[in-house]
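Chains A and B, in that order, give the protein sequences. In this text, residue positions in the first sequence follow the working numbering: the first is 1, and each later residue adds one. In this text, residue positions in the second sequence follow the working numbering: the first is 483, and each later residue adds one.
Hints were generated in silico from the structure; no laboratory data involved. Remember, it's a predicted structure, so these values are computed and weren't measured experimentally. A hint or two may mislead.
Listed below are several chain B residues computed to face chain A (Cβ distance under 8 Å; list not exhaustive) [to be verified]: (1) Ala684; (2) Ile686; (3) Gln766.
Some chain B residues well away from chain A (every beta-carbon gap over 12 Å; in silico) [unchecked claim]: (4) Ala507; (5) Phe590; (6) Glu591; (7) Arg617; (8) Gln619; (9) Ser700; (10) Lys701; (11) Arg704; (12) Glu705; (13) Glu706; (14) Pro726; (15) Glu733; (16) Arg745; (17) Val749; (18) Glu757; (19) Asn768.
Where is the CB? At the ideal position from N, CA and C, for every residue including glycine.
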Amino acid sequence: MLQKIHRFDKRQCMVLILPVLALIVVAIGCDNQHYDERMQMRVQKLDSDLMNRWSTSGVVVTEITPNGPAAKAQLETGELISYVIAEYPIKTAGDFNDAMKKGLEEDNNLVLYLQDKPPLRIALRRQGDNVGFSVEGSGTVRVKAVVPGTPAANSNIQVGDIVEKIVDERKIYSLDDYKKTLAKLSKHQITFRTTELIGVKIAAVSALGDLGDVRAIEPLIDIFENSTELSLRKASISSLQRLVELSVLNDLFQQFQRANVNQLPADSLQPQHLEAAAILELLTVDRAENTATLAAPFGTQFRQRSEALYEKINEGQLAELVQEYIQITVEPEQEIRRACLTILGVLKPVSAIEALVAVLDNPAEIPGIRFQAGLTLSQIGEPAVDALIAAFESGDTGTKDIAASALGGIGGTKARDRLILALENTTEPAIQLTLVDAIAKIGDTPSMQALERQRAQYQADDDSGIRIFLDEVFKNLEHKSM
Amino acid sequence: MKRVSIAFTLVLFVLGCGTQNENLAKGKELIKSDKRRKEERAVREFKLALDQKTDNAEAHYLLGLYNSQEFYEPNTMDWEAASVTERGKHMFLAYQAEERKYLERLVFETLRDDDLDIQNAALDALERVYNQGDRKQLLSQLQKAIKSSDNRDRHNAHWVLGHLGKDDPNTIVPILVKLLEHRRTETRLNAVKALGEAGSEAAIPALATLIESGAARSKRDREEPEVRQLAVEALGKIGGNAVPELVKIVENKGSSLRVDAIRTLAVLGDAKVVEPLLDALQEQSNRDVVVPLN
């Protein structure tokens with residue numbers, strides 16, 4: 001009997017409990033979203049680990065009702081609201097005290113605006129904390145007294161200062177926080193401060209560099225030129241660099257594309273391109289099997305994209321742009337100048353020669369970058385010879401050194417003859433060594449004869465650095481020819 | 483006469499057992515010793531033991547464990563017989579002779595070996611068990627292992643399940659999906675990884691749900707960030723129809739996994755990704771938006 005009653009009770013309970021449970025579940029399910037009637041928009045809770053991973057909190061706007069206040073303020077869906085800011089105009093001493101009290105409701109940031117003075121941040125931690133000054137007046141509110149020894153006294157607040165307004169910045173930690181804050185500030189004009197997750201943009205920029213799609217070029221250039229975030233600019237120039245490096249492999253990828261295959265005999269492809277593509281991990285080369293196989297998924301997909309990318313990059317706009325940014329006066333960030341130089345080295349635009357020589361010849365520039373400019377000029381090759389010779393003739397020791405190296409890298413009769421002439425007429429030891437090195441790099445018969453003449457000249461001089469260096473050079477050459 | 487012949491047979495039997503055990507015992511003794519090239523010599527003994535009794539479980543197992551290609555000249559018969567597959571076959575034969583004992587041993591012991599060849603041989607053996615042996619037993623042992631408190635067991639089980647799932651997603655994926663509800667975070671984590679390795683699109687909805695749970699209100703309903711991160715990686719491994727799911731993460735500005743999703747998509751190289759990435763670049767930067775009082 002007892003048992004029966006028991007069972008009956010249980011069932012009755014269930015009848016009551018189940019709908020309640022169901023309601024709770026529904027309520028919880030919907031509770032990560034909230035429709036804000038005042039703003040006429042829907043906001044959503046953030047993933048709870050965003051705070052830990054990206055130090056970001058707030059709510060995200062998921063929907064905006066047309067013509068509502070949010071829409072009129074041009075808030076956009078997807079924006080992440082991390083602060084709600086209210087302004088309290090101060091017309092009377094009472095306004096001031098009310099604003100202070102309101103600010104103390106939460107552990108918040110109040111910003112005090114005094115006329116003709118920079119804004120001051122007031123940090124109040126608890127109820128009862130003293131601001132350190134008092135105010136008086138109606139219509140115009142002025143500072144009446146400042147309590148000595150308080151932070152207020154140490155800041156720039158002076159008796160007689162006019163208090164204009166107090167701005168209350170409230171950080172939003174959660175959806176509940178948002179709801180509460182908006183309810184409390186229902187009578188005030190509100191400003192939303194939105195946060196950008198810089199990490200997301202950086203990741204997107206890098207990904208666009210990896211994808212090798214032509215559509216990325218203009219947006220990347222736009223960020224590079226206009227963003228105020230250095231990290232983002234750095235990411236965008238290195239993505240552009242990657243796209244440029246990809247674009248020069250177009251010939252190679254077109255061979256695959258035309259044959260509509262992902263594998264070709266390795267010896268049917270240009271060895272230099274093949275090597276470059278292998279370094280970029282776009283394909284794998286098997287010498288024993290004589291195969292070059294595009295790496296999936298990227299290599300195989302890029303086959304279809306490479307031509308458009310190549311054409312876009314060779315329109316010339318990019319080469320022109322980066323020429324500007326190799327100058328230290330335009331771009332203070334050396335990492336970016338370096339990336340721009342690398343891009344020029346790949347694109348080899350003759351139009352960049354003048355700008356490159358200017359970098360090479362700039363004593364204010366760091367030596368590594370001056371040297372890279374020289375290297376870039378030697379990548380451009382023959383057309384840069386005249387400019388390099390001119391730089392060599394007029395420049396300081398540093399310039400001479402770099403220009404000589406670059407000329408050695410380019411080679412050719414003109415460069416060679418000028419280098420030999422210079423070697424025969426210079427007595428500056430540092431330059432001599434560079435010249436010997438550059439001439440040895442060219443290594444044709446007239447070059448070697450010139451070096452032999454130098455060796456004969458310094459034969460007697462035991463301590464001469466140039467003689468030791470020449471011996472070394474010849475030893476290496478013999479070693480190579482063996 | 484009859485008695486004599488019985489006795490003779492007995493003597494022969496005992497002798498037979500004796501010599502067989504002798505080789506096995508000798509081999510095992512060698513392994514324990516610190517003699518030079520002990521493993522190579524032990525393997526010879528195990529082979530002799532098998533010559534005498536082809537279904538000697540222990541000899542099969544030990545041969546699978548120790549027979550290494552390093553002992554032989556490449557491309558010889560002995561060398562071929564020491565391949566991972568052949569070693570796996572031996573381990574499987576050990577299992578066939580003594581199912582319970584060797585199944586447990588393979589899952590909880592052999593897979594833990596530091597030698598990659600041995601791990602692969604064990605995997606090969608377990609794949610054979612899956613296809614030719616007691617599949618139910620195997621799956622129950624693997625589930626026990628992935629729920630284990632020992633990280634090595636969980637890791638090994640995920641590895642095997644991932645491989646099995648590649649060949650037979652219809653059976654394995656539902657098992658792994660169910661494991662996503664397990665109370666132990668590390669078990670769920672390994673189940674997620676296995677789903678990625680299985681690479682079946684059937685796992686996409688379960689992974690998507692898990693990823694979205696980051697914004698759930700109650701902590702109980704939220705999956706741990708590291709598991710969710712791995713779920714994004716798993717979607718990347720699945721590819722194909724998982725791409726739109728990854729794009730959805732990129733587009734969800736409240737998601738903590740946008741960066742992970744972007745990186746995953748970049749590796750996949752799918753052109754469909756370009757648009758959402760460009761959209762992400764267009765997002766409004768930090769700014770103040772004033773909403774006037776009505």
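Hint by hint, here is what the structure shows:
1. Hint on alanine 684/B is violated. Least Cβ distance to chain A is approximately 21 Å, over the 8 Å limit.
2. Annotation: interface hint on isoleucine 686/B violated; nearest CB of chain A at approximately 18 Å, more than 8 Å.
3. With 8 Å as the threshold, the beta carbon of glutamine 766/B comes within range of chain A, its nearest partner Cβ sitting at about 6 Å, so the hint holds.
4. No beta-carbon of chain A is positioned within 12 Å of the beta-carbon of alanine 507/B; the least distance is around 46 Å.
5. The claim that phenylalanine 590/B is not at the interface with chain A holds, since no C-beta of that chain comes within 12 Å of its own (minimum 34 Å).
6. At roughly 37 Å from the closest C-beta of chain A, the C-beta of glutamate 591/B stays outside 12 Å, upholding its exclusion from the interface.
7. The claim that arginine 617/B lies off the interface holds: its Cβ sits roughly 32 Å from the closest Cβ of chain A, which is beyond the 12 Å cut-off.
8. For glutamine 619/B, the requirement that its beta carbon stay farther than 12 Å from each beta carbon of chain A is met, with the minimum near 37 Å.
9. A Cβ of chain A approaches the Cβ of serine 700/B within 12 Å, the least distance being about 6 Å, so the stated non-interface status is violated.
10. At the 12 Å boundary, the C-beta of lysine 701/B falls inside the reach of chain A, the nearest C-beta of that chain being 8 Å off.
11. Listed as outside the interface, arginine 704/B is inconsistent with that label: its C-beta sits roughly 6 Å from the nearest C-beta of chain A, within the 12 Å cut-off.
12. The Cβ of glutamate 705/B does not lie farther than 12 Å from every Cβ of chain A; its closest approach is about 10 Å, which violates its non-interface assignment.
13. Remark: the non-interface label on glutamate 706/B conflicts with the geometry, its nearest Cβ contact in chain A lying 8 Å away (cut-off 12 Å).
14. With 12 Å as the threshold on Cβ separation, the claim that proline 726/B sits away from chain A holds: the shortest Cβ distance comes to roughly 16 Å.
15. Distance check on glutamate 733/B: its Cβ comes as close as 8 Å (rounded) to a Cβ of chain A, failing to clear the 12 Å threshold; non-interface status is violated.
16. Annotated as non-interface, arginine 745/B brings its C-beta within 12 Å of a C-beta of chain A; the closest such distance is 6 Å.
17. Residue placement check: valine 749/B does not keep its beta carbon more than 12 Å from all beta carbons of chain A (closest about 8 Å).
18. Separation of glutamate 757/B from chain A is inadequate, the least Cβ-Cβ distance of about 8 Å not exceeding the 12 Å criterion.
19. Not every CB of chain A lies more than 12 Å from the CB of asparagine 768/B, the least distance being 5 Å, so the non-interface label is violated.
This entry does not satisfy hints 1, 2, 9, 10, 11, 12, 13, 15, 16, 17, 18, 19, going by the numbered hints stated previously.
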